[in-house]
Amino acid sequence: MLELVFLLFVVVAGTGGELCVSRAMKSLGEMHDFRPASLVDFIVRALRVPWMWLGVGMMGLAFFSLLAILSIQEVSFVVPVTALSYTAGAIGAKLFLGERINRQRWIGLALVCVGVTIVWFSKR
Amino acid sequence: MPNRAKRFHLKTAFFILVIVIFAPLGNVLLGKGMKTIGAATNWNLGGLFHVLLQILTSPYIALGIVSLLIFFIAHMLVLTWADYSYVQPASSFSYLSVALLSYLILGEKISVLRCLGIAVICAGVIVVGRTHPKTTGAH
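Chains as they are written, first to last, in my numbering: chain A, 1 to 124; chain B, 1001 to 1139.
Worth double-checking, as some hints may not be accurate.
Unchecked claim - Residues from chain B that keep clear of chain A, each with C-beta distances beyond 12 Å, as calculated:
1) H1009
2) P1059
3) S1094
4) R1114
What the hints assert, rightly or not - Taking lysine-lysine and the DSSO-like style, the derived pairs with C-alpha atoms no more than 27 Å apart in a straight line are:
5) K1109(B) with K1035(B)
6) K123(A) with K1011(B)
7) K1006(B) with K123(A)
8) K26(A) with K1109(B)
9) K26(A) with K94(A)
10) K26(A) with K1006(B)
None of these hints come from the bench; they were simulated from the model. These figures come from a predicted structure and were not determined experimentally. In this text, a Cβ means the ideal position worked out from N, Cα and C, and glycines have one as well.
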């Protein structure tokens, strides 16, 4: 039961964080220059985007929830069940980014959920 | 320019490879560290602080975080030019590598049921990835 609560935190906060970070990074544009000075400059610019802070905060919450679930379950169980993030990501993208999800994508997401359910039953 | 397109694909493939290796490796190391520390049994402030202190001083956790940081930076960089809906399915191979690494490094027994579940998850992620990557804006 406890692992279900932590899993929900990992999935919801993790996906929310990724959506925020993705949005922040897109606003900075593609990187071409990988010299250390420009990397530092890029990181400084990234830290000025509020979406980045919100995203990193949510990912931090997801991280500690991941540690909690890892302390009670096997890695080969924990990581696959967090694939539920794909479904959370699709719902988030539909709600917050206005993406349309076609039938094929829904079929893929349903498969992910079936797979997560199967792995869930392999819990020790 | 085909040369430029090829370099673009190679660059993307390299970053995806880094993602697929370092994300599972990080999780395996975190798992090892947390198993050493053990589950939190005392949920008051003092108990949680004690666990937090153990987490912050564990070498496995530190290595795991370094590994995940490498993954995180590669992931952020690839997202500056590639679509999230391309990167996400491409990194689905980490579900296979995490099973392999937890078997090799942690000695976890991977049951047939768990393998089947992981295969179904990968299939699902690939089906998602084969859809058109752009669903917003004019067509």
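Hint by hint, here is what the structure shows:
Listed as a non-interface residue, H1009(B) keeps its Cβ farther than 12 Å from every Cβ of chain A; the least gap is roughly 15 Å. Distance to chain A confirms P1059(B) as a non-interface residue, since its nearest Cβ pair spans about 15 Å, more than 12 Å. Residue-level check failed: S1094(B) sits 7 Å from the nearest beta carbon of chain A, not beyond 12 Å. Not every Cβ of chain A is farther than 12 Å from the Cβ of R1114(B); the closest lies at roughly 4 Å, contradicting the non-interface assignment.
A threshold of 27 Å between alpha carbons decides the hint, and for K1109(B) with K1035(B) the separation of about 16 Å falls inside it, so the pair holds. In summary, the hint linking K123(A) to K1011(B) is not supported, as the alpha carbons are separated by about 38 Å, beyond the 27 Å threshold. Between the alpha carbons of K1006(B) and K123(A) the distance comes to roughly 43 Å, so the proposed pair goes past 27 Å and is violated. For the hint linking K26(A) to K1109(B), the alpha-carbon distance of about 41 Å lies beyond 27 Å, and the restraint is violated.
Simply put, K26(A) and K94(A) have alpha-carbon atoms about 18 Å apart, close enough for the 27 Å limit, and the pair holds. A threshold of 27 Å between alpha carbons decides the hint, and for K26(A) with K1006(B) the separation of about 23 Å falls inside it, so the pair holds.
The structure is inconsistent with the numbered hints 3, 4, 6, 7, 8, although it conforms to all the rest.
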